[in-house]
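Asks: Sequence:
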Amino acid sequence: DPGSIFNLRLAAGILMVIFTALVIIGGIKRIAEVSFYLIPFMSAWYIIFGLGIWIASGANFGRGIYTIISSAFTGTAAVGGFAGASVYMAIRYGFARGLFSNEAGLGSAPLAYAYAESDHPGRQGFYGAFEVFWDTIVICTITGVADVVTGAWETGLTSTALAAEAFRRVYGLWSPIFVSVALCLFAYTTLLTWEFYGENTFLYFIVEKCKIGSYRTASWFYRIVWLPPIIAAAVAAAYLGPIWDFADTMNGLMAIPNLIAVVILAPIAVKLAKDFYTRHIIEVGGAKPATATDGGNKEPPVLCVNHPMRDVLEKVFGAKKK
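Going by my numbering, the letters in the sequence shown line up with residues 18 to 339, in that order.
Honestly, I wouldn't trust all of these hints.
[Claimed, not checked] Label pairs and their calculated CB-CB ranges: (1) Ala283 - Arg80: 17 to 23 angstroms; (2) Ile285 - Phe195: 42 to 48 angstroms; (3) Lys288 - Ala61: 32 to 38 angstroms; (4) Ala253 - Ile85: 30 to 36 angstroms.
The set of hints was computed from the structure by calculation and includes no laboratory data.
Yeah, the Cβ is synthetic: ideal placement off N, Cα and C, and Gly gets one too.
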């Protein structure tokens, strides 16, 4: 029934707005608290059930891995098309959805890292590298292999429906509920994070650079304007193809200047990584700050490199530097 589907999507959108608003009103501290509890829980939950699919489909595991590797270099996936189509689509959607998933190279994550009170920028950098590894190599690999070893990939389904089919083949009819809950949790924390990114870039541009309004007023204005589109997106989800394409383009435009900066600043990053490894691991004997009592380097710990967003965060949320 189209009417029931519309009402269900509308209710889901309204609930998502309410839960999101309750968190973002508290600012970065509340966002961090919610993410701190939700992300480990939902990751562990998803990994356990995902690996369960691997175990249950053990007889097909070897054949599934072979299918993944062989299909990456052949035209198997290009049914009715030319051989290069599968490679092109894999690269196109791999880059696009990978950027959405792990933010690698976008330059958005430093907005959150700037708030962190880290004793050394090298430590924060290793955290960032681990995030990309965990998201891409662990979570995405579990999903991809599960789709193949269960044979769900042969149904022609895509995205969430494909994952739901893989779980259904192992866990039964109740599994779509699990996939829906997992998707909601992942989407919810994504909403919180990108609201934080958008709000602070908005404040930096409007208040800090253009000198329009106050931080508090601009912050509330952004939150009020940002929340309603969540409902529209939930209701019109089936018609958002152009929005996804636009977002892919914008992500690419974000990545270009950031990757140029990464290349230019690479020598500094290498020096900081070596300093962190030497002072905190080799000399101290563990990943902890080096102090005068450690018998290692007597220099005080290096604070996390300041970021232009740092001052904005302090004015809006009351963050303090060490």
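Asks: If a hint holds in the structure, say so; if it doesn't, say that too.
Replies: Hint check:
Range check, Ala283 to Arg80: about 41 angstroms between beta-carbon atoms, so the 17 to 23 angstroms window is missed. For the hinted restraint 42 to 48 angstroms between Ile285 and Phe195, the CB-CB distance of approximately 44 angstroms keeps it satisfied. For Lys288 and Ala61, the Cβ-Cβ distance of about 36 angstroms falls inside the hinted range of 32 to 38 angstroms, so the restraint holds. Taken as a hint, the range 30 to 36 angstroms holds for the pair Ala253 and Ile85, whose Cβ atoms sit roughly 34 angstroms apart.
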